[in-house]
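Residues per chain, in single letters:
Number of protein chains: 2
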Amino acid sequence: MNVAVLSGGVGGARFLRGVVAVIGSDNVSIVGNVADDIEVLGLRVSPDLDSILYTLAGLADEERGWGRAGETWQALETVAQLGGESWFRLGDRDIGLHLVRTELLRSRVPLSEATERLAHALGLGARLLPATDDPLRTFVETPEGTFPFQTWFVARGHRDEVDAVHYAGSPDATAAPGVLEALGAADVILIAPSNPYVSIGPILAVDEIREALERRTVPCVAVSPLIGGRAVKGPADRMLLRIAGGTSPAHVASCYAGLIDALVIDEADVPADAPVRLVVTRTLMTDLEAARRLAAAALDAAGAPA
Amino acid sequence: MNVAVLSGGVGGARFLRGVVAVIGSDNVSIVGNVADDIEVLGLRVSPDLDSILYTLAGLADEERGWGRAGETWQALETVAQLGGESWFRLGDRDIGLHLVRTELLRSRVPLSEATERLAHALGLGARLLPATDDPLRTFVETPEGTFPFQTWFVARGHRDEVDAVHYAGSPDATAAPGVLEALGAADVILIAPSNPYVSIGPILAVDEIREALERRTVPCVAVSPLIGGRAVKGPADRMLLRIAGGTSPAHVASCYAGLIDALVIDEADVPADAPVRLVVTRTLMTDLEAARRLAAAALDAAGAPA
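Top to bottom, those sequences are chains A and B. Going by our numbering, 240 is the number at position 240 of the first sequence; the sequence numbering is gapless. Going by our numbering, 125 is the number at position 125 of the second sequence; the sequence numbering is gapless.
Please keep in mind that the hints were generated in silico from the structure rather than gathered at the bench. Certain hints may be false.
To be verified - Anything over 10 Å on all C-beta distances counts as not near chain B; from chain A, calculated:
| id | residue |
| --- | --- |
| 1 | 142 |
| 2 | 207 |
| 3 | 211 |
Unchecked claim - Computed beta-carbon distance windows for the label pairs:
| id | chain 1 | residue 1 | chain 2 | residue 2 | range |
| --- | --- | --- | --- | --- | --- |
| 4 | A | 64 | B | 211 | 56 to 62 Å |
| 5 | B | 211 | A | 148 | 46 to 52 Å |
| 6 | A | 246 | B | 69 | 52 to 58 Å |
| 7 | A | 172 | B | 172 | 37 to 43 Å |
| 8 | B | 85 | A | 69 | 20 to 26 Å |
| 9 | B | 88 | A | 210 | 41 to 47 Å |
Stated by the list, open to error - Per the computed footprint, the stretches of chain B lying under chain A, defined by three or more beta-carbons under 8 Å from a beta-carbon of chain A, are:
| id | region |
| --- | --- |
| 10 | 33-45 |
| 11 | 219-228 |
Predicted model only: the values in this text are computed from it and were never measured. Beta carbons are placed, not taken as given, at the ideal position from N, Cα and C, and that holds for glycine.
Chain A extracted, bound-state conformation (with noise of 0.2 Å):
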C-alpha cells in the first residue's frame, strides 16, 4: 500500500512517524512544506522538511520540541557576539545541515534533489519531497502589516493576530519532482496534524498539488491540528478563529473542502456537523505508539487495511 502524506513540521513530523510504524517506510511519500523556508546568515533553512528528516532519522530532539538532540549553540553564540544576525535559532549541528543545503542549491541542484541526498544520508527509508522547488514564501497580514512567515512566527513571536495568509509565488509554482507521480500512486492520501494556514494551505496553493487532491480516485483524511478547539502548540486555533470564524472540527474541515474525505479529530472536539465523516479517537502524540495510534486511525478512517 502506497501512502503520500502532506504535512508541515513539528506535529507533522510526529505523526509521520506514526505513519512509518504501522505501514513501514518503504510505501510512505511524504510532500512537505517550503513556504516557511528562510535565507538566514546565507544559509538556506527548510524548517518543515528539516523537522521531518531529524524526526524520521532518529535525531530529532523530542524534549525541546525542534531541532536536533545533542545540539550546541557555538557558532549562534559567536554571530550574537560578533553583532551578527541571530534571532533565527540555528544549531551547529543544525548548522552543518544547512552548509551543506545551500552549497548544493547554490551548484544549482533542484531543492527536491538536495532533499533526497540529505535524506539518503541520514539513512531516511520514506521519500521526503519538498512541494516545489519554486520560490513560494508563506506572508501574514497582521493588524501590524504583512510579515514574512518567520518574521511573524520567529522574530515576532506570532502575537499578531493574523487577518489573511498568502503565498507569494504560488502563480507560478510547480510540483516538485515525483510529487504528482507520489499523489498518483497513492492508495491512500493523509494530511497530517499541521497548521492548515501556514503548513498545508502553502501545499495546497500549488495548483498542481490542489488539482491532484481534487482528481483523486482514493481516500484522503486529514486529521484535526487542535484538541479541545486548542492548538498543542502555536498559533494554529487563532488563526481558524479569525480566519475561518471558528475552531470546531467543521472550521477546520473547511480548510480542506472538496479534498477531503475524513477528518480524524480528537475527543475532546464536539463532533459538530461536518462537511466530511468524523472520525473520532485520542489525537495527542505523547509518545511514538500515540502516534502509531493516531496514524493507524487515520488510514482506518481511509478504509485502509491497518
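Assemble chain B onto chain A, guided by the hints.
What follows is chain B alone, placed relative to chain A:
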C-alpha cells in the same frame, strides 16, 4: 610610537601579541595576509586575519596552535556525515565568525570594513587591516601541478615541493583603505616571523605596499621564521631551500631585498654574511614572555625605544 606590522597567521599572531605586550595595542597597525583566504561551504574564510583576531582577543587555542579555544566540531561532523565538503577544518565558533563575515561581504561591505567590525566586536585594540580588499590568491607551482594555496597546504598536506609561488590578482590589487596611511604614519615597520613566500609575499605583491616599503624613511625590521634553518611549523624551510637555494639568514633576507634594514635571527642560525644587519636573539615564542622579548628585540633593532 606607531608601529606597523606585516603579518601572516599563527606565528605572526604570536609575534603581534608580543608587540602589543611591549608597546600597547593602540599604536599598532597590522597589515594581514589575505591570499590564503578561501571560500569553503559558501563561507569566506580568512585564516590569517582570524588567527590574528583570535590570538589578540585571547580566544586562540594555544595548545592546538590554531583556531579558537573551547572549539567544537558539530557542524563539520554533520557536513561530513551528509557528504559535504569537510576537508577544511572549521569549528563551530569559527563558523559563527565566517557566517557574519560572509554576510557582510555579500551585502557589499569590503573585507577591510568587515574585519574592522569583527575586530571591534572582539575588543581588539590594535588595528587589523587586510593587505587588500581585492581578490588576491596564492597559487603554488609544484611538480604535481599548480594548486590554490589551501588545496596544497591543507588538502595535500603541503607535501609537494614548491618550485614557484604566484599571486593571482596582484597586478590589479590595491592596498586596502588604511594600509598606506598606517605604513606612512609608522615610526617602525616590522615584518613578522611568517612564511616569506605564502604569508608576507602576497602582501608585498600589492604594488602600492611594496612601493611604500621601498620609499620608507623609517626602519624596517623583519624577523626570520626559521630557527637553525628549520621552520618551527609549516613548509617555510623547504620552500626557501628549493626556491631561494638555502635556509641561511642571507636567504631569508633575500626575500625582502631592498625592503628591510635588519633581520632578527635565532641564536641557532649561523650569522653568516647577509645584505642587511643581523640581530641575534632567541626567536622561539614558547609563551607570551618569549614573544614579548622577541618583539622588544625587533623594535630595538629598529632603533626604537622599547
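Hints and how they fare:
{"no.": "1", "hint": "142", "verdict": "27 Å, holds"}
{"no.": "2", "hint": "207", "verdict": "33 Å, holds"}
{"no.": "3", "hint": "211", "verdict": "34 Å, holds"}
{"no.": "4", "hint": "A:64 to B:211: 56 to 62 Å", "verdict": "58 Å, holds"}
{"no.": "5", "hint": "B:211 to A:148: 46 to 52 Å", "verdict": "50 Å, holds"}
{"no.": "6", "hint": "A:246 to B:69: 52 to 58 Å", "verdict": "57 Å, holds"}
{"no.": "7", "hint": "A:172 to B:172: 37 to 43 Å", "verdict": "41 Å, holds"}
{"no.": "8", "hint": "B:85 to A:69: 20 to 26 Å", "verdict": "25 Å, holds"}
{"no.": "9", "hint": "B:88 to A:210: 41 to 47 Å", "verdict": "45 Å, holds"}
{"no.": "10", "hint": "33-45", "verdict": "holds (count 3)"}
{"no.": "11", "hint": "219-228", "verdict": "violated (count 0)"}
Hint 11 alone, counting from the list given before, is not met by this structure.
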